[in-house]
Every structure is written in C-alpha cells, then in structure tokens.
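Trainee: Read off the chains here:
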Amino acid sequence: METLSVSGLRKSYGDLAVLAGLTFALRPGECYGLLGPNGAGKTTTLRCALGLTAPDDGTIRLAGLPVPERAREARRRVGIVPQMDNLDPDFTVAENLLVYGRYFGLADAAVSARIPQLLEFAGLAGRADAKINTLSGGMKRRLTLARALVNDPDLLFLDEPTTGLDPQARHLIWERLKQLLQQGKTVLLTTHFMDEAERLCHRLAIMDKGRFIAEGSPREVIAAHIEPEVIEVYGEPGESSAAEWARAEAGQFATRVEITGETAFCYLTESRPLLRHLADRHGLRYLHRPANLEDVFLKLTGRDLRD
Amino acid sequence: MNYFRPPSLSLRFVPVWRRNFLVWRKLAIPSLLGNLADPMIYMLGFGYGLGSLLPEVGGLPYITFIAAGAVCFSTMNAATFEALYSAFSRMQVQRTWDAILNAPMALDDLVLAELVWAASKAALSGAAILAVAAALGLVASPLALWLLPLVFLTGLAFAALGLIVTALAPSYDFFMYYFTLFVTPMTLLSGVFFPVEQLPVALQALSAALPLSHAVRLARPLFSDEVPQGAWLHVAVLVADAVAAFWLALGLARRRLLK
Ligand SMILES: Nc1ncnc2c1ncn2[C@@H]1O[C@H](COP(=O)(O)OP(=O)(O)O)[C@@H](O)[C@H]1O
Ligand SMILES: [Mg+2]
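Chains as they are written, first to last, in the working numbering: chain A, 11 to 317; chain B, 3 to 261.
Keep in mind the hints are simulated off the structure, nothing from the lab. Do not rely on the hints blindly, as some may be mistaken.
Reference listing, derived: stretches of chain A covered by chain B, where coverage requires no fewer than 3 residues with Cβ under 8 Å from a Cβ of chain B [claimed, not checked]:
no., region
1, 57-71
2, 98-107
3, 112-123
Taking CB as the label site, the calculated pair distances span [stated by the list, open to error]:
no., chain 1, residue 1, chain 2, residue 2, range
4, A, Ala138, B, Ser54, 33 to 39 Å
5, A, Arg313, B, Leu29, 47 to 53 Å
6, A, Glu225, B, Lys28, 31 to 37 Å
7, A, Ser227, B, Phe6, 44 to 50 Å
8, A, Leu315, B, Val95, 27 to 33 Å
9, B, Val95, A, Asn48, 21 to 27 Å
10, A, Gly49, B, Pro202, 31 to 37 Å
11, A, Asn48, B, Leu29, 37 to 43 Å
12, B, Tyr87, A, Ser227, 49 to 55 Å
Since we're looking at a predicted model, the values are computed, not measured. All C-beta atoms in this analysis are idealised placements derived from N, C-alpha and C, irrespective of residue type, glycine included.
Let the hints inform the model, and build the full structure from the sequences given.
Mentor: Below, the structure written as structure tokens:
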C-alpha cells in the first residue's frame with residue numbers, strides 16, 4: 011500500500027522560505043509525527059501533501075498518485091482532521107457525517123448505515139440529533155475525527171488534533187488513534203505536545219523554520235541529541251539562587267547546563283555525583299528524571315517564545 | 003500554477019449544492035420572506051401608490067410596468083446576497099469550503115456549486131414575484147413562462163458577479179462598496195422603476211452595458227404577451243456575463259485559497 015512520500019519539498023511566501031527542502035515518507039501502518047513550534051511549517055507541509063497548495067519545488071506522491079496533479083483523486087483514500095474545526099454549524103451531528111459522505115460520492119444509505127458505528131467510536135452515541143453548538147470542544151474534535159473516517163480511509167492526517175483540549179479529552183483522542191493504528195491505518199500527525207508525540211508516534215521529525223532538524227523514533231531522537239538524564243534545580247525563595255549556584259558549580263557535574271530564570275536544567279550521563287552534591291546543599295530543591303523529547307525539542311529549537 | 007486557467011466543470015458540484023439546499027430547507031420560510039419583502043414593497047407600494055397618480059408608463063399601467071422590473075430586481079438581489087454574504091461566511095467564517103476541499107473536491111466544483119446554488123435561490127425569488135404578479139392579474143399570457151429560464155440565467159449572471167466580489171473581500175464591510183457603487187446605481191439605470199428612455203443619452207448608453215437592463219428588456223415584453231425584440235442579443239449578454247464573471251471569480255478564489 012502506498013502512503014505518502016515527499017522529496018525536496020520547497021515553498022516560499024514572498025521572501026519567507028516556509029518549507030526549505032523536506033524529504034520524508036510514511037511507512038504503512040505507522041504513526042509519523044511532525045513536531046515543531048508555531049510557524050515551523052507543519053500545516054503548510056500538510057497542505058502541500060494534500061494538493062491544496064502547489065509547492066515551488068519537490069515531488070509528492072499520495073496514495074500512489076502524483077500531487078498536486080491528481081491530488082483530488084488521492085484524497086479519496088485520506089481522512090483529514092484540520093487544525094481548526096470546520097464542522098457545519100447548521101447541521102446536526104448525524105447530518106454532518108451524511109453530508110460529508112456525499113462529497114466522497116458515497117450513497118446516503120451507505121453512510122447512514124455507518125453513522126451509529128462512527129458515533130460510537132467518537133463517544134457520541136445518542137447524540138446523532140444534537141446541534142453542533144451544544145457540543146464541547148472535545149466532542150467537536152471527536153466528531154471531526156469521525157467525519158474524517160466517513161470514507162474509511164487508509165491514511166489519516168491530523169493537524170494538532172488535541173490543541174486546546176483538557177487532559178481527559180486528549181487521552182480519549184489518543185486512545186482512538188491507537189485503535190485506528192491497530193486497524194492498520196497510517197497516521198500523519200502534527201503536534202507541539204511532546205508527550206503526545208512520544209506516546210503515539212513510531213517515528214517523528216522535529217522541524218523548525220521549514221527544515222527537519224531531527225528524525226527517527228522518539229528513543230532514537232532522544233539518544234542522538236541529548237544526554238540521557240536531567241536534573242532540574244530550583245532555588246528556595248529568599249534562601250539561595252539556583253541560577254547563581256548553576257553558574258558557579260554545576261559545570262563540574264553536568265555535561266550541559268541551561269539556565270532559564272530561576273531554574274537550572276543539568277543534562278548528564280552520570281547523575282550520582284550531582285545528586286550527592288545536592289543532598290548536602292540546603293536551600294536547593296531538585297527533580298531527577300530521564301531526558302525526554304521536550305528536552306530535545308527545546309535544545310534544538312531554543313527556549314525563545316514563538317507566536 | 004496558472005490560477006486563471008479555464009474552469010473544469012463536473013457534476014461533483016451537486017453534493018455541495020445539496021448541502022446548501024439542506025441548510026436552506028431548515029430556514030426556508032423566513033429566508034424566502036426576507037428575499038421577497040423588498041421587491042414586494044416596491045412593486046405594490048410604487049405600483050399601486052405611485053401608479054394611481056401616473057398615466058401609462060412605457061405604454062403599460064405602472065403596476066404592470068414595475069412588476070416586470072420587480073421580478074428582475076428580486077432575482078438580482080437574491081443572487082447577490084447569496085453570493086456575497088452567505089458564500090463569504092461559508093468561505094471565510096465557518097470554513098465550510100476548507101472542509102469540502104479536504105474531500106475529493108476541486109475548488110472549481112465548489113465555486114460552481116455556489117454559482118448554481120445562488121442562481122437557484124435567485125430564480126425562486128424571481129418566480130415567487132412572478133406568481134404574485136400573476137395572481138394580481140398582471141400577466142397577459144403563458145408566454146410569461148419564459149421568465150422562469152430568464153430568472154435562472156439572470157441569477158447566474160449576478161451570482162457570478164457577486165462571487166468576484168466575495169473572492170476579493172477582506173471582510174463583510176467590503177460588500178457595501180459593491181452595493182453603493184454598482185448594484186444601487188444599476189437598479190436605477192436599468193429600467194426597473196422607469197423607462198430607460200427617460201435618462202439622458204449618455205446614461206442610456208451606460209445602461210445598455212448593464213446586465214440588469216438586458217434582463218429587464220427581456221422580462222417586460224414577456225409580461226404583455228410580446229416576444230422581446232433582439233432577444234438573442236440580450237440572452238447572449240447575460241450568458242457572456244455569467245461565463246466571464248464565473249471564470250474571473252474562480253481565478254480569484256484559486257489565488258486566494260490555493261496559494
Ligand atoms: N497563505 C499564506 N500566506 C503567507 N504566509 C503564510 C501562508 N500560510 C502560512 N504562511 C506562513 O508560513 C509559516 C508556516 O506556517 P504554518 O505552516 O501554518 O506553520 P505551523 O503549522 O507549523 O504553525 C508561518 O510563518 C506563516 O505565517
Ligand atoms: Mg499549523
């Protein structure tokens with residue numbers, strides 16, 4: 011089964027190079043993550059892959075067809091959860107699914123027969139006749155996911171599927187995505203939540219300013235780019251300053267130290283000497299944990315705010 | 003990519019047309035009343051009120067004269083409102099177009115659906131005014147049934163023009179310019195309320211360039227059991243308007259949404 015492959019993808023808006031040469035391919039049945047701060051080019055990558063905008067350069071194949079030339083046909087095999095909800099506010103839950111199925115040329119009877127199952131999957135059983143504006147954010151997101159499944163796609167594209175949701179709602183979406191992966195669907199997911207990527211993605215790429223700056227499985231990316239352990243050190247208000255301590259002493263224990271405000275992040279391969287040191291220091295609190303994707307992400311894309 | 007390449011037409015527009023129809027059906031009565039109120043007020047108020055003070059206008063009782071104008075005016079209005087406000091809200095506010103473009107639909111299918119939908123709604127408005135006029139005994143013969151294809155064609159022409167404006171509009175406010183600078187003057191210059199011949203010669207020439215004039219010149223004779231003079235020319239102008247404006251609107255929409 012052919013999924014998505016992209017090679018040498020470039021796209022500029024005016025002087026801004028939004029995509030600066032991306033190459034990647036999805037393996038059938040995997041969840042592939044595009045991680046990046048706001049403005050990294052995640053949505054633009056998806057729009058190019060779907061043929062909704064023409065790249066300046068590069069080749070794209072989606073579901074075995076060249077894009078953008080035959081993108082419209084390729085989208086038959088794809089389900090899409092867009093970054094911004096665009097459910098039809100004038101329709102009920104069930105009508106949203108029915109009408110969307112028609113865009114795929116599906117017969118009303120065929121879609122109607124699937125609606126109970128789709129609503130069950132989305133945790134919206136019994137809500138078929140509800141108006142969209144009575145649904146919570148999480149319900150709307152799940153309905154959008156159900157809508158993306160109306161054509162029983164092989165491939166799913168999800169653009170920040172859990173942004174703005176509370177933890178319960180996020181976990182429910184993750185569970186559903188895992189079920190879909192178990193059914194053999196291939197998933198392309200964008201996110202800026204590292205825990206989401208670590209949990210769901212078989213492979214991922216961290217992108218910034220239109221480039222991939224790391225690619226691989228979550229473990230591979232962590233192993234390749236960062237020390238395995240982290241000790242976060244905080245000062246006690248009015249007693250001692252973690253920043254001062256870090257500047258003066260942390261260098262002898264940690265491979266790398268990052269100071270942001272009143273927190274020192276010590277990255278290290280051997281944690282015991284620093285732990286012994288901190289045990290004798292009063293006025294400093296600390297948290298010892300394995301390095302995670304977020305550490306890699308912040309190392310590679312910096313700690314500056316992106317708006 | 004050439005945004006202004008020719009439209010590629012397909013029957014894929016039908017499900018999108020049906021989507022709009024399904025929304026409309028939920029609000030059909032208020033929507034139809036809203037579309038009809040203005041032209042009815044003009045037709046009945048001016049037709050009977052002003053008409054009682056006037057001798058014949060253009061060789062007709064004023065109420066008959068204005069009924070033909072009201073059919074065209076109502077059609078134009080309905081097509082314009084749908085192609086401006088409603089289409090803009092689907093494109094920009096509700097993002098309905100984005101959702102549809104994620105399905106196996108081309109923008110060409112979507113804009114064609116908006117065109118045909120707005121024309122359908124406009125034709126319904128025009129036909130409703132015609133029905134009222136017929137009930138008032140203002141229609142001379144079944145020749146007036148030709149008004150039904152005419153209002154659909156008129157709807158296509160004005161829907162296509164409206165979609166150009168929508169494809170360019172940054173916000174709803176932009177539509178005021180279109181009404182103030184184009185729709186309102188055109189209504190006054192196209193023989194809806196008084197014969198074009200009453201205008202200064204220079205304005206008569208301008209009037210001949212306006213699509214609404216051509217619709218009115220077709221509609222009025224059909225009310226009085228006459229075959230319109232130069233009918234094919236008027237039809238050709240409306241068809242050319244619809245085709246050219248649709249092409250331009252689609253090109254602008256592609257440039258806006260697919261960049
Ligand atoms: N249609 C557009 N016109 C101009 N600039 C755009 C357009 N779409 C996206 N951009 C710019 O491209 C960059 C990447 O945007 P996007 O792909 O939406 O990023 P992400 O989804 O990773 O947040 C941003 O700087 C954005 O402003
Ligand atoms: Mg985005």
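Trainee: Check each numbered hint against the structure and report the violated ones by number, ascending.
Mentor: Numbers 4, 6, 10 - these are the hints that the structure violates, sorted from lowest upward.
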